[in-house]
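Trainee: Could you put together the complete structure from these sequences and hints?
Order-wise, the sequence lines are chains S and R. Sequence positions in the first sequence follow numbering that gives the first Met the number 0 and run 0 to 187. Sequence positions in the second sequence follow numbering that gives the first Met the number 0 and run 0 to 203.
These aren't lab readings, by the way, just hints derived from the structure by calculation. There's no promise every hint is true.
[As the list claims (entries may be wrong)] Cut-off 30 angstroms, straight-line C-alpha distance, at most; resulting in silico cross-link-like pairs (DSS-like, lysine-lysine): (1) R/Lys176 <-> S/Lys126; (2) S/Lys129 <-> R/Lys174; (3) R/Lys174 <-> S/Lys126; (4) S/Lys10 <-> S/Lys68; (5) S/Lys126 <-> S/Lys10; (6) R/Lys176 <-> S/Lys34; (7) S/Lys67 <-> S/Lys10; (8) S/Lys67 <-> S/Lys34; (9) S/Lys68 <-> S/Lys34; (10) S/Lys10 <-> S/Lys34.
Everything numeric in this text was worked out from a predicted model, so none of it was measured.
Okay, here's what each chain looks like letter by letter:
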Amino acid sequence: MLPELFLTFMKIGMFTFGGGYAMISVVENACVEEKHWITHDDMMNITVIAESTPGPIAINCATFVGYKKRGLIGAAVATTGMILPSFLVIYLVARFLDSFLEISWIAHAFEGIKLAVGILIIDAGVKMLKQIPAMPVPRIVMACAFAAMLLIDIFALRVSSITLLLIAAAVSLVLFTISQNIEREGSQ
Amino acid sequence: MIYLELFAGFLKVGLFSFGGGYASIPLIRDVVMSYGWLSEDMLTYMIAVSESTPGPIMVNLATYVGITQGGMPGAFVATFAVVLPAFFIIIAIVAFLSRVIENPYVAAVMQGLKSCVTGIILATGVHMVIRNCIISKAMTESGAPAAGAGGAFPVDIRAAIVTILLAGIYYGSRKLKRAAGKRKGLTPIQLIGISAVLGMIVYR
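Mentor: As structure tokens, this is what we get:
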């Protein structure tokens, strides 16, 4: 069982380029349809959980399936299997990247890629923007974070984005608690 | 102690990266640049490399930064740290906390974090695109634009045109595919391929 978990997730890890949602269907195919390790409902649940928790979706899926099948050890084995291929590939890339970048046409290609990456990041942001509920607090938090981060970037301020995240979490918690209290008083 | 720094830095990335994929780049960028592990250019190269190699971007970048800063043990520590939060959060949820996520207070904090991450991602993307399209001589060493240098920012017309072209291709393909009844347009990896070809032609 453990070797099978390891090999299956190693295979998944080997063929998921770019990561993200593309790999959900790969996991579903392998773990639900082929191996019957988890049900289709389980897969839906893990997708929802993955969306509201941090970390790569691929890792969330591997940990979930491994844990369901063989507990903590299963989770560790499946997650390790998932990571191993990318770890080895990047290890090789790291050894050759510098000499690779000295080739001029490759350097030119990367000049173009740099421009595409900016667009892709904005696109990722817009996709997440569409998921923000149409309520004042999340929208204001988003707008303030946008303005603050832009200022930090433009003026190269030494403020970590993690500071912004912690402030946002605290503000959201306080505002939610206040709104709950108002609601409670209103219903009394 | 580089291993401890790698561990702390990538633990932060793993702990706060909601959304996955490109959405995790602003946070990674913040961490690797504040520790001085990667330059902006090198980060861009590695994003492109991560796209064309298997595995999640976050894991790829952790492994790469780990290798360059601390060899094989460094790669191990950084990769371990980036995966650790997701690993334990999922186990905690499956094992005994399935109700926690539904708790309204936890949900409010999660929503706050997600909204904030969205703002951070958008700002980083916008700043990246603008900075790409400004001739870099107008920048000071710190990466901030030189205040009032000649009044206006010299625009790098070549970069601006390529950027607009790429955005047009990306969103245009989505519109076309949707009109044809298909769900998706170009994938990120396809856009990166096109941008590489354009780069080779334009910057020759």
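Trainee: Given the hinted pair R/Lys174 and S/Lys126, is their Cα-Cα distance within 30 angstroms?
Mentor: Since the Cα atoms of R/Lys174 and S/Lys126 sit roughly 15 angstroms apart, the hinted pair holds (cutoff 30 angstroms).
Trainee: Starting from R/Lys176, check that the Cα of S/Lys126 is at most 30 angstroms away, please.
Mentor: 18 angstroms, holds
Trainee: For a C-alpha distance cap of 30 angstroms, please report whether S/Lys126 and S/Lys10 respect it.
Mentor: Cα-Cα ~29 angstroms, so holds.
Trainee: Is the Cα-Cα distance between S/Lys10 and S/Lys34 30 angstroms or less?
Mentor: Cα-Cα ~14 angstroms, so holds.
Trainee: Would you mind confirming whether the straight-line C-alpha gap from R/Lys176 to S/Lys34 stays at or under 30 angstroms?
Mentor: 34 angstroms, violated
Trainee: Taking 30 angstroms as the top limit, are the C-alpha atoms of S/Lys67 and S/Lys34 close enough?
Mentor: Since the Cα atoms of S/Lys67 and S/Lys34 sit roughly 13 angstroms apart, the hinted pair holds (cutoff 30 angstroms).
Trainee: Has the given pair, S/Lys10 with S/Lys68, been kept, meaning a C-alpha gap of at most 30 angstroms?
Mentor: It holds: about 18 angstroms lies between the C-alpha atoms, which stays within 30 angstroms.
Trainee: Compare the distance between the alpha carbons of S/Lys129 and R/Lys174 with 30 angstroms, and conclude whether the hinted pair is satisfied.
Mentor: With a Cα-Cα distance of about 17 angstroms, the restraint between S/Lys129 and R/Lys174 holds, given a limit of 30 angstroms.
Trainee: Take a quick look at whether S/Lys68 and S/Lys34 sit within 30 angstroms of each other, Cα to Cα.
Mentor: Status holds; Cα separation ~11 angstroms.
Trainee: Hey, S/Lys67 versus S/Lys10, does the alpha-carbon distance stay inside 30 angstroms?
Mentor: 19 angstroms, holds
In this structure, the one hint that does not hold is number 6.
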